[in-house]
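Just so you know, the protein sequences line up as chains A and B, in that order. All the letters of the first sequence, read from the start, carry residue numbers 293 to 676 under our numbering. All the letters of the second sequence, read from the start, carry residue numbers 107 to 792 under our numbering.
Hints are computed from structural coordinates only; laboratory data are not their basis. Think of the CB as a built atom: it goes at the ideal place given N, C-alpha and C, for glycine as much as any other residue. Do not take every clue at face value.
Below, computed lysine to aspartate or glutamate pairings styled on EDC-like, alpha-carbon distance capped at 16 Å [stated by the list, open to error]:
| id | chain 1 | residue 1 | chain 2 | residue 2 |
| --- | --- | --- | --- | --- |
| 1 | B | Lys791 | B | Glu271 |
| 2 | A | Lys414 | B | Asp327 |
| 3 | A | Lys509 | A | Asp532 |
| 4 | A | Lys375 | A | Asp335 |
| 5 | A | Lys509 | A | Asp454 |
| 6 | A | Lys437 | A | Asp454 |
| 7 | A | Lys598 | A | Asp570 |
| 8 | A | Lys489 | A | Asp454 |
| 9 | A | Lys414 | B | Asp326 |
| 10 | A | Lys437 | A | Asp379 |
| 11 | A | Lys642 | B | Asp327 |
| 12 | A | Lys607 | A | Asp541 |
| 13 | A | Lys560 | A | Asp541 |
| 14 | A | Lys642 | B | Asp326 |
| 15 | A | Lys607 | A | Asp582 |
| 16 | A | Lys593 | A | Asp541 |
| 17 | A | Lys414 | B | Asp666 |
| 18 | A | Lys593 | A | Asp570 |
| 19 | A | Lys489 | B | Asp327 |
| 20 | A | Lys489 | A | Asp461 |
| 21 | A | Lys642 | B | Asp330 |
Cβ-to-Cβ under 7 Å is the rule here; a few derived chain A residues that face chain B [unchecked claim]:
| id | residue |
| --- | --- |
| 22 | Asp344 |
| 23 | Tyr345 |
| 24 | Lys362 |
| 25 | Thr390 |
| 26 | Asp393 |
| 27 | Leu444 |
| 28 | Ala445 |
| 29 | Gly447 |
| 30 | Thr450 |
| 31 | Gly451 |
| 32 | Asp454 |
| 33 | Ser457 |
| 34 | Thr591 |
| 35 | Leu664 |
A short, non-exhaustive set of chain B residues, derived as facing chain A with CB atoms under 8 Å [as the list claims (entries may be wrong)]:
| id | residue |
| --- | --- |
| 36 | Ala325 |
| 37 | Ala370 |
| 38 | Thr374 |
| 39 | Ala672 |
| 40 | Gly759 |
Each chain, written out:
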Amino acid sequence: MKRLVIVVMFALGCASDGKNCVDCKDTALASSLCGAPAPACGDSTLLVAESDYTAPGHASVFDLGACHTKANVLALGEDPVLKRIGDQVYVLNREGATDADNVKAFAVPGLAPQGKQTSLGKGADPYDVAVGTDGRVYVAEFGGKGVGIVDLAQGQKTGEIDLSSLDPDGKPNPVALAVRGNTLYVVLGLLVDDNDKYTPRGPGKVAVVDLASSPAKLASTFALTGQNPTGWMVPEPGTDNMLIAMWNDLSGSGAGIERIDLAGQASKGFAITSDATDHRYIGDFAFTSDGTGYLLAFTPKSTPLKADLFRFDVKTGRTVGAAIFTGSSISSLAADGCGRLWISDQSKDKPGLRLIDGSGVQNQGRALPTALPPAFAQGMVFLP
Amino acid sequence: MRRFVRKAALALIALAAGARAARAQQPELSVPEVRVEDTRLAAQPQPTEDSPFVTVIHVTAPGTEVRSLAETLAESAGVQIRQTGGLGAYTAVSIRGSSSAQVAVFLDGVPLNRGAVGGVDLSTVPLDRLERIEVYRGQVPAELGGQAIGGAINLVTRGLRGASESAASASYGSFGTRKLDLYRGQQLGLWDATAFLSYAGSEGDFGFRNLNGTTENSADDFADYRRNNDFDQLDAHLSARRRGLQLSAQTFWKQQGVPGTEFAQIQTARLDSLRSALSAQAERNGLAGVAALSGHAQAFVITERRHFSDPAADMVGPTDQVDWSLAVGGSGRAQLAVGQHQLLALAPEVTAEWQWGDDRLAQASSIGAWRVQGALALTDTIALASDRVVLEPVVRADLYDTRGSAQLPGVTAPAMGDIERSDAVLSPRLGLRVRTPLEGLVVKGNVGRYFRLPTFYDLYANLGYFVGRPDLRPESSWNGDVGAVYERALGGGDARVVGEAAFFASSTQDLIAYQTGVRTAIPVNVSGATGRGVESSLALTARSLSLTANYTFLDLRADDTGLRVAGRPAHEGYVRVGGDRALGWRRWRAWSLGGYYETRLNAGLYADAANTIEFPLRTYHAVGVHVTRGAFTLGFDVKNLLDAQLEQVFRRGSACPDQRCLSPIADFGGYPLPGRAFYATLSWKE
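Full structure from sequences and hints, please.
Here's what the structure looks like:
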């Protein structure tokens, strides 16, 4: 049996460096997964950003079929996020002591570096990345004036779309980007930056940027319904709308998930409000391939932050049933192509990944372990 | 996670301080008969006469070189120093892999650790006023408290030798560093009075390679210099001693820039610190007419004020914050010789500390807490087997009552009511030392339990991102060590050798770490760490030559992962050789020439908990020469002789060539250390 395990590890490319491999067969749910063939319904691996925020982090690859983690495959910064766009994975390293405010890219598959790690400058605090039809890379700079334009091949920031006029403090806090043709949509938080609480000034905005003009310029804006947009825009299943979480003042009122019609340049109001989650604000949400929605509802001012996982129906704007899972320090969701939901759990005593499969089976006990706690937001991408 | 890392740096630099109890001095058990031998205050521990492994570092001050307390502590095995920059920068000490907050630091018996944060910034203690430094590693005397998981450092100020003495020194050097020390000691009637005044300052504007925030892209690196890294500090100390009584007054003021990380240098953030203390110690033999009964008592009051300002919101938003602390305490020790071979000591202790702060911009109180501590320690020293074996059981009980007032809730933090908390902690210890038939060789062993209470900020903070938790458990640790000490005069007393080797182990539970979450960082009790290692040291003095060397191996691993704890090197070594020689030539007969060479190294150091970032072997060299004629000495020093500023850091999974990224040498990530520096010192003494 021991020999068999070694053979399997070698086949997974880990035998030469066993300390970087984490076996998860001792967890409750994993026992039903281990040894199972890789699912044919989608991507076969999950790339997970991990960090304890005190030192630079890294990314691990989790084999969805073999239930096995190969740790430390990519070096990341102290506060990293990952985003897959086409055949590239982009890494945004946000404010950190050593590896900060930069962007880099890797090829899918293989994770070979594409271009150079590119600095965005002190205080840029990148939150989202998008690629234009011309291949140019745009980065939302939460702490900057707007959107940076970078040339990864040269390793240089080549320009900036200045949106500072939209916020009295000159920092409009862009959090999410989307490209449609030659138009870049930039969701702005419009927060008060001169304190450390980042309170919203009022409803957020979407800046509409014309990429066809040279240089790219602000074409128009439209107001959002809610305040304090957080996270990225997610396509609403079966529609052309985008959805984004609105945190308001984190009190649990006036929050929810807002529906945005980019083409029509209009907010369509809340798809689901915090009233539906018993006055908790929605931290993250995701849809599985069959259109099932899941959301994480955070209890305001709980320490540590209490999170409840609900199914929800985006059409009716209601949660479905009772909370599937309740925990603390769980903060991020990602859905694979097999109808399964992956949850990042940062709790100090049991950090790792949690999994909800299509039948609702979940690993309630110890999370599938990762080498460091998974990043709390936008830290999971699926790879072939 | 916005700005969390910056906030962590702020907390590190701006809030460093921590609380503990006073030390009474223990008369030594002496063989073959038990007697109270040393009645001087601040009796010096002896490596062969104390059960704990202790290093005593003697300071020659005002010295002939520009030297900090941190540099001097490298002379002790088991001690690790980390700094955020050069002279005057935040300096944290670790003993046997502990955190800074797990090391108790005393200045003439006055505890410098404050309840707000815990750790002591050693850059706020000038070296030149000290006579000696006592470093207790792993095990500490009961009088130095229970909150000493790593150990304790007792700093002893200079006392008068002879009828009068005076000294002065002035230094100048690289990065605009300047320093002036004045010392005067004189007998005034029955009193020995000393006065010490010191100024030090630096621009701290050393050059470094700025990585531009991209560790994997060296093409965008550029030459930069440290900004807002200056400091000025004044230290004054008055002391009066007569037989059995000592009165001290000291004040320390420092204003400094808070420079931020290399990539995000901060231009305007400033920190001003003011610390003042009064203390009195008294001791007497033959208490209550009983010849075998001796006593010691100490009282102190210490205040600290810290003012952090960041008007340009460079770090965390506009900040104008003033924090105060006030601590008063007293301790006593009564010691009774029971027959010829036993000493019993009872040591009560009481300390009260208040902490409060004002947010001048919000016009609100930011934190208000107080803690009262009472402790009682019972020590028995038993000499057996014709006094060749000494057994020293100790039991110490600490009671704490901590209260915090309700705070203004942050955006994400829960509204807190007034908090009350009580802790009762027992720290039993047992020491054993055996005098072997080989003269000068003593075998020692110790085991003991220590703890560290959560700080006020751990419990009550409500600072936006940092949110306290009142239900934290104290950190606790079982420490043990065994080893041998050899001390002997050689060559008819002209030379002396002290050698030491020890194995140590520790098991720490309930470590307090900050967990970063959505817009908050909260403290939690995590699993512990297990450490073991070996310390060895050699000190040799022969005529005017001296050699000090030590090596420490440390294997400290997190219990939950089995990986090495970040920031704690597996190997540390230190060598210093020095000497003075009178010039025998006719014209130069009144002159003497001296110098030193010093090297430090460490290896097996990881930057992260996952052990994916490993630093290469680090070496540091310094050299100095000085010439003396009469009362005057002129010295020149070169620190970081080889100008080591960059290193190839292994980063697993990075795109750097061979996964090795060129990075500035730093103890704390993002805070580069200075390169080669030159200093000149002119000193005078009589």
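Verification of the hints:
no. : hint                : verdict
1   : B:Lys791 / B:Glu271 : holds, 7 Å
2   : A:Lys414 / B:Asp327 : holds, 13 Å
3   : A:Lys509 / A:Asp532 : violated, 24 Å
4   : A:Lys375 / A:Asp335 : holds, 15 Å
5   : A:Lys509 / A:Asp454 : holds, 8 Å
6   : A:Lys437 / A:Asp454 : holds, 6 Å
7   : A:Lys598 / A:Asp570 : holds, 13 Å
8   : A:Lys489 / A:Asp454 : violated, 24 Å
9   : A:Lys414 / B:Asp326 : holds, 13 Å
10  : A:Lys437 / A:Asp379 : violated, 29 Å
11  : A:Lys642 / B:Asp327 : violated, 39 Å
12  : A:Lys607 / A:Asp541 : violated, 25 Å
13  : A:Lys560 / A:Asp541 : violated, 21 Å
14  : A:Lys642 / B:Asp326 : violated, 39 Å
15  : A:Lys607 / A:Asp582 : holds, 14 Å
16  : A:Lys593 / A:Asp541 : holds, 11 Å
17  : A:Lys414 / B:Asp666 : violated, 36 Å
18  : A:Lys593 / A:Asp570 : holds, 14 Å
19  : A:Lys489 / B:Asp327 : violated, 33 Å
20  : A:Lys489 / A:Asp461 : holds, 15 Å
21  : A:Lys642 / B:Asp330 : violated, 42 Å
22  : Asp344              : holds, 6 Å
23  : Tyr345              : holds, 4 Å
24  : Lys362              : violated, 10 Å
25  : Thr390              : holds, 4 Å
26  : Asp393              : holds, 5 Å
27  : Leu444              : violated, 10 Å
28  : Ala445              : violated, 12 Å
29  : Gly447              : holds, 5 Å
30  : Thr450              : violated, 13 Å
31  : Gly451              : violated, 16 Å
32  : Asp454              : violated, 20 Å
33  : Ser457              : violated, 20 Å
34  : Thr591              : violated, 10 Å
35  : Leu664              : holds, 5 Å
36  : Ala325              : holds, 6 Å
37  : Ala370              : holds, 5 Å
38  : Thr374              : violated, 14 Å
39  : Ala672              : holds, 6 Å
40  : Gly759              : holds, 4 Å
Of the hints listed earlier, those the structure fails to meet are numbers 3, 8, 10, 11, 12, 13, 14, 17, 19, 21, 24, 27, 28, 30, 31, 32, 33, 34 and 38, in rising order.
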